[in-house]
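Undergrad: Sequence:
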Amino acid sequence: MPRAPSDTVAPLIFARSLSEARLAPLQGPVVAIWPKDPRGWNDFRHNFWVHGAVLKPDGEIHYLDLKLMFEGGGYTFRVLTALLADTPGWLLAAAIDTPFCSLLSNTDAYRELVEQCGFDLAIGVLRSLGDAVLLRLENDDPVRLPLLDSVAFHEGMVRQEEAYTALRRGGRHLRPVPAADVADAATTFHLVAKLRTAANRYVVSFDFEPDPIGRDRLAVLIGRNGVGKTQVLLALLAGLRDAPRPKDTALERRPRFLVRDGAHYRTGRPAASRVIVFASTTGDDYPRQAPPWEGLDYQYVSMIGGRDGRFDALTTALVDALRDDFRNLFPIREFDADEGVFFTSPRSGRMALLEHVVAPMGLWEAIYIPLKPGDDPDLPYLERWEDRHYFPLARARHLNEQRRLWLAQLADAEHPPVLFAEPGRPRRLSSGETAMFRFATQAAAEIETGSVLLFDEPETHLHPNFISDFAEILHLLLSATKSVAIVATHSAYLVRETPSRRVSVIAMEDSDVAISRPRMQTFGATIDAISQAVFQDGGVRHQFQTTLTQWVAGQPEDLTIEHVIAQFGSTLNRESLSLVARLLERRRGAEGGDDAET
724 MPRAPSDTVA PLIFARSLSE ARLAPLQGPV VAIWPKDPRG WNDFRHNFWV HGAVLKPDGE
784 IHYLDLKLMF EGGGYTFRVL TALLADTPGW LLAAAIDTPF CSLLSNTDAY RELVEQCGFD
844 LAIGVLRSLG DAVLLRLEND DPVRLPLLDS VAFHEGMVRQ EEAYTALRRG GRHLRPVPAA
904 DVADAATTFH LVAKLRTAAN RYVVSFDFEP DPIGRDRLAV LIGRNGVGKT QVLLALLAGL
964 RDAPRPKDTA LERRPRFLVR DGAHYRTGRP AASRVIVFAS TTGDDYPRQA PPWEGLDYQY
1024 VSMIGGRDGR FDALTTALVD ALRDDFRNLF PIREFDADEG VFFTSPRSGR MALLEHVVAP
1084 MGLWEAIYIP LKPGDDPDLP YLERWEDRHY FPLARARHLN EQRRLWLAQL ADAEHPPVLF
1144 AEPGRPRRLS SGETAMFRFA TQAAAEIETG SVLLFDEPET HLHPNFISDF AEILHLLLSA
1204 TKSVAIVATH SAYLVRETPS RRVSVIAMED SDVAISRPRM QTFGATIDAI SQAVFQDGGV
1264 RHQFQTTLTQ WVAGQPEDLT IEHVIAQFGS TLNRESLSLV ARLLERRRGA EGGDDAET
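Quick note: to get the working numbering, add 723 to the position in the sequence shown (first position is 1).
Hints are computed from structural coordinates only; laboratory data are not their basis. Every residue, glycine too, gets a C-beta built ideally from N, C-alpha and C. Where hints are given, some of them may not hold.
For each label pair, taking beta carbons as the anchor points, the in silico distance ranges come out as [as the list claims (entries may be wrong)]:
hint : residue 1 : residue 2 : range
1    : P728      : G991      : 41 to 51 Å
2    : D788      : D934      : 39 to 49 Å
3    : G991      : T810      : 33 to 43 Å
4    : M724      : R768      : 27 to 37 Å
5    : R1011     : P728      : 12 to 22 Å
6    : G1312     : F1049     : 32 to 42 Å
7    : F1034     : L1152     : 31 to 41 Å
8    : D1099     : D760      : 31 to 41 Å
Take the sequences, apply the hints, and build the full model.
TA: Right, here's the structure in full:
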């Protein structure tokens, strides 16, 4: 990942106190660290808490709540005391050779640092501190990065759940424009994009209005190969970034959104706390990473690949869910078959969410995490297979705090988890079951409340019989997290799981794209009927097309599709809007070429 776009330098000094730090004859912003009395407490024989502050040139002080760990661990208080013994009361950190790293106490501390100091200075401060979040994002410091894998770091730096959350999610706030907290991503919107795959614009409507049946958080794009389904997802992704890169998409221009606001539409981006792409092929065009300073909290997930660098993606996801279990409370709804009613589960952390989406597959009790080879670990419930110990994930809730931390440290992220059908006998999954398990596990570990999930042909590795199960698991996940999903697909089986108002059929007519909804209710329909409606219903001119053609011909020459959506978006369906967009494009082309907007 590229380095954060900031050249601001903020020298770090160690001092006996804040008053002595302020005596240092340094110009510009300065970061000061001074010892915090460790008496009375420790984190498993470590104590890394320190006092910290950013001393701004204008005299203002922004205080930092953080831990700072020197190589080898132990007590930072003692290390600082020794370093400052023969000094005038302060010392430039650049003058010492011992590597160190730091971590702010919680996710909000990163937000507050950027808000109070500005993005450029915040990055300079974090670089000087060897901040673990920025170290992982920039990934260019071979001296400090190994500290993050040490036992001392896991026991002392990220013992608290808030600290672990800061390590995983603090980076989302490292952006010039503050990240929004999204309580619910279910916002109806239109995407307007000019792509190289068609002569006219794509106008795609995404309907996430509430539905009493409950299938109101999944939208589907379906069509033959070459009609631009993937490019629509890439355009949507690019539009959500502050600075989309041309190589990431076939965009000719930056896409625009019109978001429903009551009975009208306004220009603006749909709300998303996080965007997660689930890809089904190895050669796709989706970015593997997107730095938060480009304005997007982004995660790429492969439904087929097993590794992220040297680490196994599934084991990493399971450990993340285990450590991030208490931060979010998801309103998980379960059905009481005896009473015939839904109820909210009393357990609602991330591990409960993981169980909620994996249990329908019958795999929850079978998941075992691989442990690093070596001496026998001091943990109960272990299973040994092929000279390695494995721990049953479902039993993690029975461990005390130190043993949960010990389990997270012992987990071998370089090896995949194993599913045991019974002691000593691993369970082999089919390719479809593997894809389902990979999706459910990584989605539960990565999703945040108010996320947007993008899927590109998830049916590639799923037997048709599994598609209904996939849709049900996805529905459970979206409902519990107030998130939405958009799926590009060829599968009529997936369309059958979705009401027609949330299905966009994309087709090409010569060089023009046409986007419509199926001429039938797709939810629960037969596969033959859906296939006929989606892939063979063409070539007949309908009266509404004549009406709209005549209407456009009588409108002012400067009429744009954005104006049409803003005024009539709540009454015209997506097929009508797509036709109007094509008619306007043709009219502009006949008058001497396309407009020059950027």
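Undergrad: For a quick check of understanding: which of the numbered hints are violated here, in increasing order?
TA: Failing hints, ascending: 1, 3, 6, 7.
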